[in-house]
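My request is simple: use the sequences and hints to build the entire structure.
Here the sequence shown is numbered in my numbering, starting from 790 and rising by one per residue.
Hints in this document: simulated from the structure, not taken from any laboratory. Mixed in with the good hints there might be a few duds.
As the list claims (entries may be wrong) - The calculated DSBU-like cross-link candidates involving lysine-lysine, where the alpha carbons are at most 30 Å apart (straight line), are: (1) 956 <-> 1032; (2) 1063 <-> 1087; (3) 1087 <-> 956; (4) 830 <-> 880; (5) 956 <-> 1063; (6) 804 <-> 880; (7) 982 <-> 956; (8) 880 <-> 955; (9) 1097 <-> 1032; (10) 1012 <-> 982; (11) 880 <-> 1063; (12) 1087 <-> 1058; (13) 1058 <-> 982.
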Amino acid sequence: MVNLADVARQAHVSKMTVSRVINHPNQVSDEVRDLVNQAIKAVGYQPNRIAKALVNQQNYVIQFIVLEDIATVEPNYAILLLEIAEVLNQKGYTLEISTILEPNSHVDGLIVSGWRDSDLERLSAINVPMVLYGQAPTWYDLPYVDVNNRMGTSLATTHLIEAGYKKVIYIGMTMALPFVWEREQGYLETMAKHHLVSRTYDVSNHSHDAEKLIQNIIAHLPKNTGIVCATDRIALGVVRALKAQSQIPENYGVVGFDGVFIDQITSPKLTTIKQPFRQLANTLVSNLLNQLHHSELKTELIQPRLVKRDSTRQV
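Take a look at the structure:
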């Protein structure tokens, strides 16, 4: 079995130096850390997690808490969780998943998603390193990581305008959450920038509700209308309703938001704002682990990208 001495011989350093790189990497130079890490990979050494935990007084367990109904969450949670689990595994941590806001004593840190305003007071009182997935009000001073929702709907709105759609409307969600407001603001600001009249509607985040909305307002949607949707799920319902009435994208253009699975099953395939889940996972984990090492709290918004497909004219 490969041990610490094998790594030391490979790197031409002492066993103490190898131990310091594994347990206290901030105490060695970048050059030495890179040298030892290369040696660890070369000989296939696996640090003893229990011993490492005892040295650092950590359990190397991170908990992901989902504070909403699992039955109704978006499929992006599955992608994000897989990405977070992989990133944590690479850094020697185990991921636990919970739906209860009561962290266990063996947990080193928390990533919290699906919270509501009513949860923020309790979250502020938790004495465990934590980062929120989702933009939070600044007055709570809670670190968060999120996609730049405002930028996303701005990209979507701009795309529809540049594609030549004369009227552009927005279908948002009936949820009082910061990201919902941010996505609507991205649309409103872009419409104002282009001196165009804005029109917004709100539905629950279900495709059939969006489909019913379009059926009810189709008489007020002239041909050459673009529709920005707050989620791909809403966009799915919009596409279904419009296909029964007219052609997409010649008469109507539709853009969704998220870019996970649903955008691939619509017909025609959906133009969408894709969330960079690998980057979100890396940033969430880095933010949390930095807190464990007493670094400054940070909030970060990650830039999404527009993926053009068949539900809009190509420009």
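So if I understand the rule, the pair passes when the alpha-carbon distance is 30 Å or less; does residue 1087 with residue 1058 pass? The given pair, whose Cα atoms are some 37 Å apart, is violated under the 30 Å limit.
For the pair we were handed, residue 804 and residue 880, check the Cα-Cα distance against 30 Å. Judged against 30 Å, a Cα distance of about 21 Å means the pair holds.
For the pair supplied as a hint, residue 1012 and residue 982, is the alpha-carbon distance within the 30 Å limit? 23 Å, holds
Check the hint pairing residue 880 with residue 1063 against an upper bound of 30 Å on the C-alpha distance. 26 Å, holds
Please work out if residue 956 and residue 1032 have their alpha carbons no farther apart than 30 Å. Holds. Residue 956 to residue 1032 sits at ~18 Å (cutoff 30 Å).
Does residue 1087 lie within 30 Å of residue 1063 when you go C-alpha to C-alpha? The hint holds at about 23 Å.
Restraint status (C-alpha distance of residue 1087 to residue 956 at most 30 Å): Cα-Cα ~39 Å, so violated.
30 Å Cα cutoff - pair residue 830, residue 880: 13 Å, holds
Keeping to a limit of 30 Å between CA atoms, is the pair of residue 956 and residue 1063 held or broken? 23 Å, holds
Straight-line alpha-carbon gap residue 1097 to residue 1032, limit 30 Å: The given pair, whose Cα atoms are some 19 Å apart, holds under the 30 Å limit.
Tell me if the straight-line CA distance from residue 880 to residue 955 falls inside 30 Å. Given that 30 Å is the threshold and the Cα spacing comes to 50 Å, the pair is violated.
Between residue 982 and residue 956, is the straight-line Cα distance small enough, at 30 Å or below? Judged against 30 Å, a Cα distance of about 14 Å means the pair holds.
Comparing the model with each earlier hint shows violations of hints 3, 8, 12; every other hint is respected.
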